Amino acid sequence: MGSSEYRVALPNQPHARAEESTFAAVKHKTYDYVIVGGGLTGLVVGNRLSENKRKSVLVIENGYIDDRPVATIPYGVNLDSSDLRYPMMSAPEPFLHNTSYTVFAGNAVGGGSIVNGMLFDRGSNADYDSWEKLGNPGWGWNGMAKYFKKSSHFTPPLDPAAVQEFGLTYDASAYGNGPVQSHLTSFQYPDIKAIFASYRAEDIPMPREGFSDPIGAYWIPSDINTKNWTRCSAREAYYDPASIRSNFKLLTGTRVNKILFGSHGRKKLVAKGVQMVSRADNSVAKVYARNEVILAAGGIFTPQLLMLSGIGPKDILTAAKIPVKQDTPAVGANFQDHPQNAMSFTLTNTSFPDPGTFRANATFTAEAKAQFDKDRTGPYTFARGSAAAFLTFKQYSANYRRITAKIFQQDPLKYLPERYSREKSLLAGFMKQREILIGHFLGNQAAIGEGLIHAWGRSTLALQKPLSRGTLTLNTTNPEGFPVVLWNTIMNPFDADVFCEMVRWNRVHWARKELSQFHPIEAFPGAQYKTNEEIIEQSITSGILTPTFAHTSGGASMMPRKLGGVVDSDLLVYGVEKLSIVDASILPLIPSTHLQATMYAVAEKAADIIKGR
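Going by the numbering used here, the first residue of the sequence shown is number 683, and it counts up by one from there.
What the hints contain is simulated information worked out from the structure, not anything from laboratory work.
Just so it is clear, the structure is predicted and the values come from calculations on it, not from any experiment.
Don't take every hint at face value.
Straight-line alpha carbon distances no greater than 30 angstroms define the calculated DSS-like cross-link-like pairs of lysine-lysine that follow [to be verified]:
(1) Lys709 to Lys1106
(2) Lys737 to Lys831
(3) Lys1244 to Lys1293
(4) Lys1106 to Lys815
(5) Lys950 to Lys968
(6) Lys831 to Lys1195
(7) Lys1106 to Lys1244
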């Protein structure tokens, strides 16, 4: 089904708007702040910095504003959004049969908040406390909590009958009165009731509100604005209200390919602006920053831009014929994501409708569309899901202690990229991370796995705490092309062991009597595959084990330099003045959650830090 099936009063193509700036209007100009990237974090920071009318802010974005239903209607998340993403593939994954995979990165104003699955949840307190333990004072839960509230607002389900029927629970006090609107929709597919009953019977914790207690099985809102029933992206929440400010400019259709530096004394680099290229005609120009250049290009492109500008591993820069401004081996290291196993079951005796009805029943699709057009209710208000189970290792497996003990027997360098063997700081940082993660594996304070709760047979499992580490490097024959993305998924065998325990748990779960009405038969990987080796091999062969949940992060980490950090806790790049990073590349350890709510909070905190300089 394509987006042409929608006929709502919205423009059909990506476009520029009157309040946007043009390439000619901004080139060679000087602004107080130049922000590279008009995605989630860039728009948050741009909005907050431009609250000071005396400060001028320019945001430069490669994509365009897009009002099509695929980008705005909640159900649009299920449509083909490939033209809102970069057409990028990974390098062959050496531990996944050398298969290449899609690299998800938004290419529109709003970035990932335009194309993500819309789930609005957060990690546990321990997830954020781990950032502070890695040498970042003020970045633990106590330092982050107010920013989750500052960025968010929650609207409860609007239909009391649905709340009663489905047992929808929430706690609006966990949210604030911020720009990002979230909502737990009243429309739910009927079979979700039986699936929730199975978790309840299994004695899995079921907190009333995941945003305040994110361990167990719980309902999760989506970023939906109930005033117009659209996806509440960063563009809607942060750019649109601020776009009328004369000191806030957005330049679309423009790619930044270099950070410009001056010098302070003999050694210190000073960021003074950026070089940019127009997508319209490939013309090149420069713009300058009086106070700061702020990188918000995302988990993939910020590390690449640092390297294109001469900040990165010396060997990579030399091979790409880029003059080395600063040898920083940590750029592109510590790359993380949430790998997934899209386990699934064939179900019979399911209720009408279910999510597959859209594909199978044209009459239902037409009626659902008409219902949405009429009163903004029904299946089109439902995005991709409204619930998940985030569980600890001991909840997944009685063998959690034995499996975790294997970590101590490992030579860590055997399961890390070669760069870690040469750079002591990278290994030191990983060992500190490993120490924290072992505590998570053995404890009750953080989830190590996610199981999406759907009213159909897909039962995707996502590993939340991988020990494997990937890398981002330049394509040395075409440095300005897409970077070389390598996740190294299941390089560390511990990750494969955890995946297998999650698969076994899922099998037991779907065999429960509460789900017997569906007569579930395991389709992938297949119940006949019993051993770890069989489960992993078949998961790779069948294509259900993949490296990414579109949560790319960590490639320019916020940690002390001695631990392989690229930025300090004030978000400034080591060795460079007036250059900061505010996107997911700074995350030193990926939290157990979908990233968007976390990144809104990170960006709000980043804006306060930058304002305070």
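Could you work out which of the previously given hints the structure breaks and list their numbers from low to high?
1 and 6
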